[in-house]
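Assemble the complex: chain A is given as a structure, and chain B must be docked to it using the hints.
For the protein sequence lines, the chains are A and B, in the order given.
The opening residue of the first sequence carries number 1 in this note's numbering; numbering runs sequentially from there.
The opening residue of the second sequence carries number 144 in this note's numbering; numbering runs sequentially from there.
Hints are not guaranteed to be accurate.
Just a few of them, taken from the derived set where beta-carbon distance is under 8 Å, the chain A residues facing chain B [what the hints assert, rightly or not]:
(1) ASN14
(2) ARG16
(3) ILE21
(4) GLU56
(5) PHE58
(6) GLY59
(7) GLY61
(8) LYS84
(9) LEU85
One-sided excerpt, in silico: chain A residues whose CB lies under 8 Å from chain B [as the list claims (entries may be wrong)]:
(10) ARG13
(11) VAL27
(12) GLU29
(13) LYS34
(14) ILE38
(15) LYS40
(16) THR57
(17) CYS60
(18) ILE64
(19) GLY96
(20) TYR120
Derived by calculation from the structure, the hints in this document are not laboratory data.
Backbone N, C-alpha and C fix where the C-beta goes; we use that ideal spot for every residue, glycine too.
Now for the letters of each chain:
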Amino acid sequence: MALYSEKVMDHFRNPRNVGVIENADGVGEVGNAKCGDIMKIYLKIDNDTISDVKFETFGCGSAIASSSMATELIKGKPVADALKLTNQAVTEALDGLPAHKLHCSVLAEEAIKAAMKDYYDRHGIAYDESLFPAEHDCESCEV
Amino acid sequence: MRIYADNAATTKMSRTAIEAMLPYLENVYGNPSSLHTVGQEAKEALEDARARVAALLGATPREIYFTSGGSEADNQAIRSAAILGKRKGRTHIISTAFEHHAVLHTLKKLEKEGFTVTYLDVHENGLVTPEQVAAAITPETCLVTIMYANNEIGTIQPIRAIGEVCRKAGVLFHTDAVQAVGHIPVNVVEDNIDMLSLSAHKFHGPKGVGLLYAKRGIILSSLIEGGAQERNKRAGTENIPAIMGMAAALEEAVRSLPETMPRVSALRDRLIAGLNEIPHGALNGDAKTRLPGNVNFCFEGIEGESLLLLLDDKGICASSGSACTSGSLDPSHVLLAIGRPHEVAHGSLRLTLDASTTEAEVDAIITAVRDVVQYLRNMSPVWRELMNGERKFVID
Numbered sequence: 001m002a003l004y005s006e007k008v009m010d011h012f013r014n015p016r017n018v019g020v021i022e023n024a025d026g027v028g029e030v031g032n033a034k035c036g037d038i039m040k041i042y043l044k045i046d047n048d049t050i051s052d053v054k055f056e057t058f059g060c061g062s063a064i065a066s067s068s069m070a071t072e073l074i075k076g077k078p079v080a081d082a083l084k085l086t087n088q089a090v091t092e093a094l095d096g097l098p099a100h101k102l103h104c105s106v107l108a109e110e111a112i113k114a115a116m117k118d119y120y121d122r123h124g125i126a127y128d129e130s131l132f133p134a135e136h137d138c139e140s141c142e143v
Numbered sequence: 144m145r146i147y148a149d150n151a152a153t154t155k156m157s158r159t160a161i162e163a164m165l166p167y168l169e170n171v172y173g174n175p176s177s178l179h180t181v182g183q184e185a186k187e188a189l190e191d192a193r194a195r196v197a198a199l200l201g202a203t204p205r206e207i208y209f210t211s212g213g214s215e216a217d218n219q220a221i222r223s224a225a226i227l228g229k230r231k232g233r234t235h236i237i238s239t240a241f242e243h244h245a246v247l248h249t250l251k252k253l254e255k256e257g258f259t260v261t262y263l264d265v266h267e268n269g270l271v272t273p274e275q276v277a278a279a280i281t282p283e284t285c286l287v288t289i290m291y292a293n294n295e296i297g298t299i300q301p302i303r304a305i306g307e308v309c310r311k312a313g314v315l316f317h318t319d320a321v322q323a324v325g326h327i328p329v330n331v332v333e334d335n336i337d338m339l340s341l342s343a344h345k346f347h348g349p350k351g352v353g354l355l356y357a358k359r360g361i362i363l364s365s366l367i368e369g370g371a372q373e374r375n376k377r378a379g380t381e382n383i384p385a386i387m388g389m390a391a392a393l394e395e396a397v398r399s400l401p402e403t404m405p406r407v408s409a410l411r412d413r414l415i416a417g418l419n420e421i422p423h424g425a426l427n428g429d430a431k432t433r434l435p436g437n438v439n440f441c442f443e444g445i446e447g448e449s450l451l452l453l454l455d456d457k458g459i460c461a462s463s464g465s466a467c468t469s470g471s472l473d474p475s476h477v478l479l480a481i482g483r484p485h486e487v488a489h490g491s492l493r494l495t496l497d498a499s500t501t502e503a504e505v506d507a508i509i510t511a512v513r514d515v516v517q518y519l520r521n522m523s524p525v526w527r528e529l530m531n532g533e534r535k536f537v538i539d
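The following block holds chain B by itself, in its conformation from the complex:
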């Protein structure tokens, strides 16, 4: 038995996406920049894919720039906004403390280059408010970049209202929507988004491909020089098979949302209810304003890596925000940002479901987690101290 519950890390490619790619691996192999028939066939496919993904996001084809994935799109969006801002003497950026590292590391670099960045508090529930954004905007602000949904705890930010605040203030608004697109409805026009990043492998498409949406009028800066592809903004021969796979996967994901969202949300709530039965464990992030498939818990007295390894032995693939899983000394910055102390953040478990998950699998996960947590607690000196009263519980 294997239960894959790590869909926020990556997803299994859908049959639809694989089949959409095959003709472009086998037959339509041309370079879209070539003038001959073989090249122009590829060019037509590329522009068809662009029009289809644009329509699914509420954008126009000219606003879509294909990239190698979400990280590149985040880098390019933020760099471009920073360059545009600096030209006008505006060097202040607003973000949150729990963004993906593709955003945070780009911002850290910009800080070294003279920009100032305000990292908004995300509170215990993992949500920022539009009021916080409004209060942080100054005449120097050139960009607000806030993720649509958090990759670890799944909380969904009030993007539409934040976008409205930014638009009124005349400040560019970028959102890293890598975890959101294909999982909840996202529309760049309705949501007041100026720039948006997404990645295909998070919605059953191929790895190594994504896109940046940039609203008409926003002049992007290139990260990669060398050719006129993507309207001069992203050099390099387009990865046509991957782009075709992404377009097909996105169509399938978005069209099935009315059916998958309620079903996956119900599985999530069943899993949360089951794990809530484990004493001294707590859900991370708001219980309702979160992605349909995301469950993230902290369990006191244990460490996440050993939890993951023992779950893997039982055929369950999950992830953790423990430092030991990352090779760094500190546990997840996301869990620290919502106020979990270090020792509790080490004992975190993320389970991310998809539309293929069954109720029986959810029940098997609940049983396995309960058993493994108990087993590890029984050999934990921290748990003994908690039970003896020598150490205070953080989670009731």
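With the rest of the complex left out, here is chain A:
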């Protein structure tokens, strides 16, 4: 059995929405180089819709695929939908991830939330704090 599903390999080999948005409306970065995963999401938002999204990722195959899939899932969608994106949705859209790689889909969800929060903060838009729980800690970051 292959390590990853065909979907994961497709998004890893041909990642969608790689790059940077200059003058993005919101930017979110999560992860830690020490742990081996960093995801950075750039959002362009017009009329409460994600009009464009780009990502940069330092990480393994599933980290790159999770970033790519997450951007596909929110691109062109209303902001309210992007906020509802879960790591489960990313994992399902990729036809599953190995158990020890599920944290990659969690990072993708967190990166998008971090970018949304940045958008709200920058534009002085009020939001419900409970939508943005603190980033989870991973034990190797404490080494």
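Okay, now just chain B, sitting in the frame of chain A:
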């Protein structure tokens, strides 16, 4: 096209080894412990193989104990020395920080059982010195266990000099020579080795077989009880076909060393020179005191698993010390031991060549690695920060 550059993980079996095994799979199927003719044929083959491998290592046949591989041999050597030491009230062991897990995990268990272990620093070049060993020996020391050559970065330790230090101090010396035997000359007498572990599949023999050399007079303890095989030290019917394959593979590997060592070393140096052209990448471990086929690099700004997957897409089989390839959170303990920071250790690549590797393959690897590293860096936020000056390069 497929280029297999992961020979430190395992090797392709040689035709010689396969053919040496076939008669023992098809015709000579006896149990060497049986008294009848069929059994005694197998027994003769077993003892013939033992004599041949002993001669290749500079040992005598009675000093060779066949095992299921390198890990079992490491476990048995260390356990046996610990038991012998404890009887004399000596419960201190000396090793290094970058041993194979077969050694490190056995030592961790012994620490829980009351032993103390000194893990010697292996420095930035991945080498320990005999002076470090001498300075660490105390009257309580019962064992020094230091690998002949490192499995990840290929650095070759000064085994002969370390063995001499141990012998003078009256301390047993074990070496995990899994990566060395069949790749560089190894002789237990000349190298002052008391115990040595090896594994057949690292030199084009079959998997699941290896041996422990224990110098005459060292009383081994069994890990497996149940029969009188291997002079009562390793119960279980001997894996005759695999042992025959191992003996044939070792003969072939050792006899061809004068030809293969310089050739594979030249390929290694060509590969190192090519990869050195990639900016912000660096060779791990000493450039010269290393196994003929071992190349190990770190590239800043990228992660090793994605590097491996993209190289695999281009037909190149390699390995990495990245945490993501192991399922653990931490990158390679070997790269951390030579002082690579976590974020750099994640971006490591090990390429291990053998005598079948060609110059054209080396050149194809260089091109592929250069392209993949650049591709991954272009989508890496870490690389962007390094280039912007927001993050400092570790490797110039």
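Results of checking the hints against the structure:
1. ASN14: 11 Å, violated
2. ARG16: 11 Å, violated
3. ILE21: A/ILE21 check fails; min Cβ-Cβ to chain B is 13 Å, beyond 8 Å.
4. GLU56: 4 Å, holds
5. PHE58: Constraint on A/PHE58 satisfied, holds at 4 Å.
6. GLY59: 5 Å, holds
7. GLY61: 5 Å, holds
8. LYS84: 25 Å, violated
9. LEU85: Nearest chain B Cβ about 20 Å off; hint violated.
10. ARG13: 7 Å, holds
11. VAL27: Since the shortest Cβ distance to chain B is 10 Å, the answer is violated.
12. GLU29: Interface hint status for A/GLU29: holds (7 Å vs cutoff 8 Å).
13. LYS34: 4 Å, holds
14. ILE38: Holds, because the Cβ-Cβ distance from A/ILE38 to chain B comes to roughly 5 Å (cut-off 8 Å).
15. LYS40: 4 Å, holds
16. THR57: 6 Å, holds
17. CYS60: 4 Å, holds
18. ILE64: 6 Å, holds
19. GLY96: 16 Å, violated
20. TYR120: Where the cut-off is 8 Å and the nearest Cβ of chain B is about 22 Å from A/TYR120, the hint is violated.
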